[in-house]
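Heads up: the sequence lines are chains H and V, in that order.
Here the first sequence is numbered in the numbering used here, starting from 1 and rising by one per residue.
Here the second sequence is numbered in the numbering used here, starting from 1 and rising by one per residue.
If you're looking for bench data, these hints aren't it; they were derived computationally from the structure.
Note that beta-carbon positions come from the ideal geometry of N, C-alpha and C, so glycine has one too.
Be a bit skeptical, because a hint or two may be false.
[Said to hold, decoys possible] Below 25 Å or equal to it, Euclidean Cα-Cα: the simulated DSS-like pairs (lysine-lysine) are:
no., chain 1, residue 1, chain 2, residue 2
1, H, K518, H, K434
2, V, K114, H, K633
3, V, K99, H, K579
4, H, K626, V, K6
5, H, K579, V, K98
6, V, K23, H, K693
7, V, K114, H, K281
8, H, K689, V, K168
[Stated by the list, open to error] One side only, chain V facing chain H, incomplete, derived with CB under 10 Å:
no., residue
9, E7
10, W19
11, T22
12, D36
13, V46
14, D68
15, L70
16, C122
17, T128
18, P160
19, L161
20, W178
If you want the building blocks of each chain, they are given just below.
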Amino acid sequence: METIAKKQEGICWKGRKLKDLLGESERLYEETGCYYGLEKLKLHEDDPLKLELLFSRLLAATVAGREATRMISGSPLVREVAELATALYTAEGDCVLQSTGIIIHIPLMGQVIKYMISQNYEEVEGINEGDIFTSNDNAIAGMHPPDVYDICPIFWQGKLIAWAATVIMEAELGAISPGCMPSAATERFVDGLRFSAEKTGVNDEFLPSVIRRIRFSTRLPDLFILDRKGALGANVKVREEIKEVAQEFGVEYFLEGAREIIEMERRAQLNRVRTRTVPGKLHSPVAFENYMTRTFVPPHHAIDQVTLVPMDFFIKPDGKYFLDLDGAGPWGWHPSNTTPSSMTGAMCLALTQTIAYTGSANHGTILCADMNLPYDTYVNPSSPNIATQNLFSFPINGGSVWIGLQSRAFFSRGFVEECMVGSPGTALYSMAGKDHMGNDFGFLMTDVAGTHGSGAFAIRDGFSSYAIWQPVTDMGNCEIWELILPLIWTGRNLLPDGCGWGKYRSGFAIVGNWMIYKTPLLVFDCTPVVMADKIYPNTGTHGGYPAVGPFYKLVTNANTDELIKEMKPLAHGMGYPGKGDIEENIKGKFALETSRGVTMKDVSKHGDWIQLSYGSQGGGFGDPIKRDVKLIKRDLDNRLITIDACRKIHCAEANYDRTRDEWIIDDKKTEQLRKEKIRARLKKGIPVKEWYKNRRKDILQKNMPDLIKTMYNGSLEKGKRWPGEFRAFWGLPENFTF
Amino acid sequence: MTTYPKETIKLLIDGNLPWDQTKGIVSDHKDEDRFDKYVEVLQEQVSWKDKILLRLSDDLFIVEKGNDRLVKCRCGHEYGDYRENWKLNALIHVRETKKELDELYPYPSQPDPKMCEVREFCCPGCGTQLEVETVPFGYPLVFDFLPDLDTFYREWLGKPLKTSKEFKDLTYDVVKKWAEK
């Protein structure tokens with residue numbers, strides 16, 4: 001009898017089973033609307049400072065864990081760009097808090113824990129102190145396979161009381177093409193090395209079989225293995241701190257305190273919304289362009305597809321957010337669909353950067369956001385076999401537009417300092433071939449993380465060189481990148497006239513320039529991330545425009561050796577006034593690309609060149625001719641804009657004073673130019689009613705490219721509410737399709 | 001309770017507050033009386049007397065006029081009921097030529113006018129560019145923001161408006177007539 005009783009006892013505190021704890025948590029939330037049924041916050045009411053102290057201790061543990069990892073890892077993605085984060089979860093898998101870093105993963109690592117609970121790991125696989133579980137399987141949870149989660153249980157007196165988890169982005173995953181986000185991945189079977197919530201270690205050590213698998217499955221196994229050890233180091237650091245906390249505060253206090261921290265954040269988020277925004281409905285469409293005929297895929301997947309996702313964003317009377325993506329078009333065999341899990345990550349990312357930025361974002365924040373993600377569409381594919389390399393596509397394209405929508409509500413409420421226009425930019429590239437040491441290699445070049453410009457703010461210009469999904473990162477040092485890549489950095493500068501114009505402009509994106517170095521063979525893949533090329537994201541607000549998108553230039557058979565021998569200038573970037581020196585100085589075969597998710601066809605070698613403008617497509621704010629001339633002068637003096645743009649876009653006149661090396665604004669002429677512009681607008685603009693009739697004719701006659709017709713047909717077929725709205729707007733028959 | 005003088009709010013919304021003070025406001029607890037002061041400042045900045053209920057964009061406001069709630073430009077031009085997309089009554093220009101797009105995007109990456117409309121909306125009263133849409137060709141006009149004004153005033157501010165209006169998008173009623181003619 002005693003043996004049976006022991007067998008039935010769960011591994012959690014007081015002998016509870018994980019499934020029972022999770023079930024109880026969900027039931028209590030359902031019944032009360034409060035996390036774990038906590039209608040009263042007893043610990044907080046009794047001694048708020050003590051609870052705050054607990055919070056600080058736990059937060060410090062995750063931050064310390066993350067920093068320790070950066071010292072262990074060998075990957076520039078971790079050491080330089082800081083693509084990682086560490087978090088603490090309750091036994092049921094609810095995030096209590098997390099470190100700085102790639103905050104998009106707050107709920108997602110918890111979803112893996114919940115998956116393990118649902119699959120009864122407690123009894124089937126076994127969960128013991130010192131175990132390591134690894135997951136990068138997006139059929140379970142996650143943003144994309146390169147984000148690898150290492151998850152460790154935390155035991156106290158033999159009982160599971162929490163989990164520590166660390167996410168690290170890998171630069172190489174052994175997928176169909178080198179790097180970690182190949183454009184050619186159309187099914188999950190070519191996504192690369194995968195761990196499906198797998199027990200990969202015991203007694204704080206990874207299993208030899210796992211290490212062996214990594215060595216035989218990736219192109220840069222040493223980096224991958226070191227990252228696993230770094231993640232383990234972070235988790236152990238958190239675990240040991242939690243044990244000290246349990247000793248000091250008492251384990252019951254820790255368990256109850258963690259729950260109260262989540263419930264407090266849930267209430268705080270609702271309050272933030274009700275005190276900073278205005279309820280209502282906001283809307284914007286988002287389009288995704290996947291050009292699969294321009295990469296190397298099986299013939300039946302070589303389909304170009306533009307997909308529409310209309311986005312309704314409701315701010316509800318109770319302070320909850322609701323994102324309704326009814327009308328989302330079909331999913332496809334490409335790497336850039338989105339899943340409910342990644343949509344949760346997207347919401348988490350957007351919230352933590354814009355409204356829930358107090359450092360206490362957790363499961364409670366996410367409880368305040370609901371979504372309608374129609375099944376069998378781009379945002380919720382019905383096949384479990386989709387490639388998942390770029391589940392980021394909606395989070396970045398759509399999430400960015402969503403941030404602009406939320407900003408409208410901040411603006412109306414008067415919190416102008418919180419308004420930021422979206423910036424979905426970023427262009428990455430993957431490379432493969434031989435490195436400068438002669439080894440086979442593959443790598444995703446991510447010095448881009450954090451290098452495109454942000455959207456404008458309602459009271460000032462956007463940040464140059466910034467990425468919202470990785471707010472604590474920078475580009476890293478060129479010298480460190482050069483240690484492991486066959487590239488020499490010859491220039492990093494801002495793209496003149498590349499901003500989103502407005503009364504306040506967006507930030508500028510970086511242009512990177514590289515000479516290919518000591519390799520006989522190198523190929524490039526334009527990584528799929530933001531799938532906007534011909535259809536610009538709707539990010540300009542209040543009269544501003546979206547900024548310029550990215551472009552890639554590759555020069556093969558370049559005359560570099562000759563130029564070096566003759567001591568002639570090389571390529572260093574976009575010089576003022578926006579004229580690239582690559583065309584001027586280098587001779588060779590030029591290739592140009594503006595789409596992402598496609599392959600550069602030419603093969604390069606030592607002495608060839610690559611130039612990439614990362615692009616921002618961040619929005620400007622307000623009418624560009626209302627821009628303060630002082631700001632225009634500053635941009636001219638800093639060589640960020642040309643006099644041509646100054647005149648045409650801002651309708652401002654300025655003269656360059658060579659002796660003072662500065663621009664002098666001609667106020668009188670500026671006033672005249674602006675008056676002329678207003679007259680021109682009033683003359684050129686036609687009543688919307690007239691435009692409507694013309695455009696309606698185009699729609700009835702189906703005068704548009706086939707890709708767009710197919711796009712609309714996809715949404716008309718899949719949607720329930722949106723098709724009716726589309727047909728009603730254009731006065732179309734009930735069964736109208738293209 | 002955090003609160004700031006009206007003059008500070010004025011400087012903030014006009015983009016004239018020094019950054020160190022702006023940063024302080026960003027980092028501090030939010031001021032609960034912000035909306036009231038915001039509207040007060042805005043009301044002082046316009047030449048007309050209609051009561052501002054909500055600022056919709058940089059130059060557009062929802063105002064109370066008798067029993068109606070209208071969208072009104074800073075210049076005084078009125079656009080109709082706030083539940084109809086104000087863009088229906090604006091002037092529009094779509095950038096369609098290479099020359100027009102080169103002006104904004106002097107690089108190889110540009111929107112393709114056959115696939116993407118760059119729609120500029122300006123006020124017939126003052127010529128201010130009020131919004132720019134970059135949307136797939138043929139997408140309906142974007143109704144950026146339809147606020148739930150009654151819930152806002154009644155439940156969030158605790159100051160119900162003197163009349164109530166159904167929270168409903170009325171845009172379709174207008175375009176239906178356009179399509180019929």
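Hint check results:
1. The suggested pairing of K518/H with K434/H holds, with an alpha-carbon distance near 9 Å, which does not exceed 25 Å.
2. With a C-alpha separation of about 36 Å, the suggested pair K114/V and K633/H falls outside the 25 Å cut-off, and the hint is violated.
3. Distance restraint check for K99/V and K579/H: the Cα-Cα separation of roughly 18 Å lies within the 25 Å cut-off, and the hinted pair is therefore satisfied.
4. Simply put, K626/H and K6/V have alpha-carbon atoms about 24 Å apart, close enough for the 25 Å limit, and the pair holds.
5. For the given pair, K579/H sits about 19 Å from K98/V by alpha-carbon distance, which is consistent with the 25 Å threshold.
6. Restraint check for K23/V and K693/H: not satisfied, since their Cα atoms lie roughly 48 Å apart, outside the 25 Å limit.
7. For the hint pairing K114/V with K281/H, the CA-to-CA distance comes to about 29 Å; that exceeds 25 Å, so the pair is violated.
8. Simply put, K689/H and K168/V have alpha-carbon atoms about 21 Å apart, close enough for the 25 Å limit, and the pair holds.
9. Interface hint at E7/V: violated, since its Cβ lies 15 Å from the closest Cβ of chain H, which is beyond the 10 Å cut-off.
10. Using the Cβ-Cβ criterion of 10 Å, the hint placing W19/V at the interface with chain H is satisfied: the shortest such distance is roughly 8 Å.
11. Below 10 Å, beta-carbon pairs count as interface contacts, and T22/V has one with chain H at about 6 Å; its hint therefore holds.
12. Here the hint on D36/V is kept, as its CB sits about 9 Å from the closest CB of chain H, short of 10 Å.
13. The interface hint given for V46/V is broken, as the beta carbon of that residue sits about 16 Å from the closest beta carbon of chain H, more than 10 Å.
14. For D68/V, the interface hint is violated, the least distance from its beta-carbon to any beta-carbon of chain H being 18 Å, above 10 Å.
15. With a least beta-carbon distance of about 16 Å to chain H, the hint placing L70/V at the interface is violated under the 10 Å criterion.
16. Here the hint on C122/V is kept, as its CB sits about 5 Å from the closest CB of chain H, short of 10 Å.
17. Among the interface hints, the one on T128/V holds; its C-beta lies about 5 Å from the nearest C-beta in chain H, closer than the 10 Å criterion.
18. With a least beta-carbon distance of about 14 Å to chain H, the hint placing P160/V at the interface is violated under the 10 Å criterion.
19. The closest approach between the C-beta of L161/V and any C-beta of chain H is roughly 13 Å, which is over the 10 Å cut-off, so the hint fails.
20. Using the Cβ-Cβ criterion of 10 Å, the hint placing W178/V at the interface with chain H is satisfied: the shortest such distance is roughly 6 Å.
Against the hints set out earlier in the document, violations occur for numbers 2, 6, 7, 9, 13, 14, 15, 18, 19.
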